[in-house]
Amino acid sequence: GQQVQQSPSSLVLQEGENAELQCNFSSTATQLQWFYQSPGGSLVSLLSNPSGTKHTGRLTSTTVTKERRSSLHISSSQTTDSGTYLCAPSGSWQLIFGSGTQLTVMP
Amino acid sequence: EAAVTQSPRSKVAVTGGKVTLSCHQTNNHDYMYWYRQDTGHGLRLIHYSYVADSTEKGDIPDGYKASRPSQENFSLILELASLSQTAVYFCASSDVRGGAETLYFGSGTRLTVL
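Heads up: the protein sequence lines correspond to chains A and G, in order.
The first sequence lines up with residues 1 to 107 when you count with the working numbering.
The second sequence lines up with residues 108 to 221 when you count with the working numbering.
Among these hints, one or two may not hold up.
[Said to hold, decoys possible] Residues from chain G that face chain A, not an exhaustive set, calculated with beta carbons under 8 angstroms:
#1 GLY149
#2 VAL195
#3 LEU210
#4 PHE212
#5 SER214
#6 GLY215
[What the hints assert, rightly or not] Between beta-carbon pairs, the in silico distance windows are:
#7 A/THR30 <-> G/SER161: 22 to 32 angstroms
#8 G/ARG116 <-> A/SER92: 30 to 40 angstroms
#9 G/ASP169 <-> A/PRO8: 27 to 37 angstroms
#10 G/SER161 <-> A/GLY16: 45 to 55 angstroms
#11 G/ILE167 <-> A/SER9: 16 to 26 angstroms
#12 A/SER51 <-> G/GLY123: 46 to 56 angstroms
Derived from the structure by calculation, the hints contain no laboratory data.
Glycine included, each C-beta is placed from N, C-alpha and C at the ideal position.
Please take these sequences and the hints and turn them into a complete structure.
In structure tokens, the structure reads:
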């Protein structure tokens with residue numbers, strides 16, 4: 001089945017720095033979703049990017065389908081960006097979640 | 108505003124006891140899901156449902172039952188709770204099967220089995 005590897009597992013930045021999060025997966029994906037999990041545990045969908053480059057606000061995702069990888073770039077990080085970022089590709093309908101990158105942004 | 112509400116927010120149960128986790132959505136979504144998250148891990152699908160009175164197994168259904176009495180409500184039942192079922196449980200809904208872009212999560216239920 002689909003295996004998802006996210007790196008780094010944790011990342012500490014100073015406010016204003018940029019973050020680069022990586023997601024590698026083992027099988028072809030027709031869907032790829034990035035989620036944010038707050039320190040309190042709540043989950044929200046950030047963006048969907050099965051291929052190419054997609055921007056929303058300070059977030060940019062680039063997915064290279066053939067290479068089975070996706071990245072999430074967060075520009076000018078803020079303390080409120082702290083939390084865990086989960087990648088979830090899908091080759092059929094079921095999303096398979098990675099274990100996430102825990103991001104801490106220091107003031 | 109799309110909403111998925113879970114109850115309780117946290118629960119402590121004894122080994123061998125029965126536990127019921129409840130989920131209510133006001134999104135008018137057909138699909139509902141129960142996921143489990145263990146510390147430092149991603150979410151794993153336990154059960155899902157696409158219509159009232161019907162449920163389907165996900166990747167890790169053993170030890171869990173699900174019930175969908177109406178479109179809005181979806182419950183997860185642990186008939187005989189075990190230590191290994193200590194985790195955070197998330198309910199979610201979507202308008203299409205696996206619809207990632209319309210996937211809305213509840214706030215989670217932290218279950219501790221002693």
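Hint check:
1. GLY149: holds, 3 angstroms
2. VAL195: Nearest chain A Cβ about 7 angstroms off; hint holds.
3. LEU210: Check passed: Cβ of G/LEU210 comes within 6 angstroms of chain A, closer than 8 angstroms.
4. PHE212: holds, 4 angstroms
5. SER214: holds, 5 angstroms
6. GLY215: Holds. Min distance 5 angstroms.
7. A/THR30 <-> G/SER161: 22 to 32 angstroms: Between A/THR30 and G/SER161, where Cβ atoms are some 25 angstroms apart, the hint holds.
8. G/ARG116 <-> A/SER92: 30 to 40 angstroms: Given about 32 angstroms between the Cβ atoms, the range holds.
9. G/ASP169 <-> A/PRO8: 27 to 37 angstroms: holds, 33 angstroms
10. G/SER161 <-> A/GLY16: 45 to 55 angstroms: holds, 51 angstroms
11. G/ILE167 <-> A/SER9: 16 to 26 angstroms: For G/ILE167 and A/SER9 the Cβ distance comes to about 22 angstroms; the hint holds.
12. A/SER51 <-> G/GLY123: 46 to 56 angstroms: Since A/SER51 and G/GLY123 have Cβ atoms about 49 angstroms apart, the given range 46 to 56 angstroms holds.
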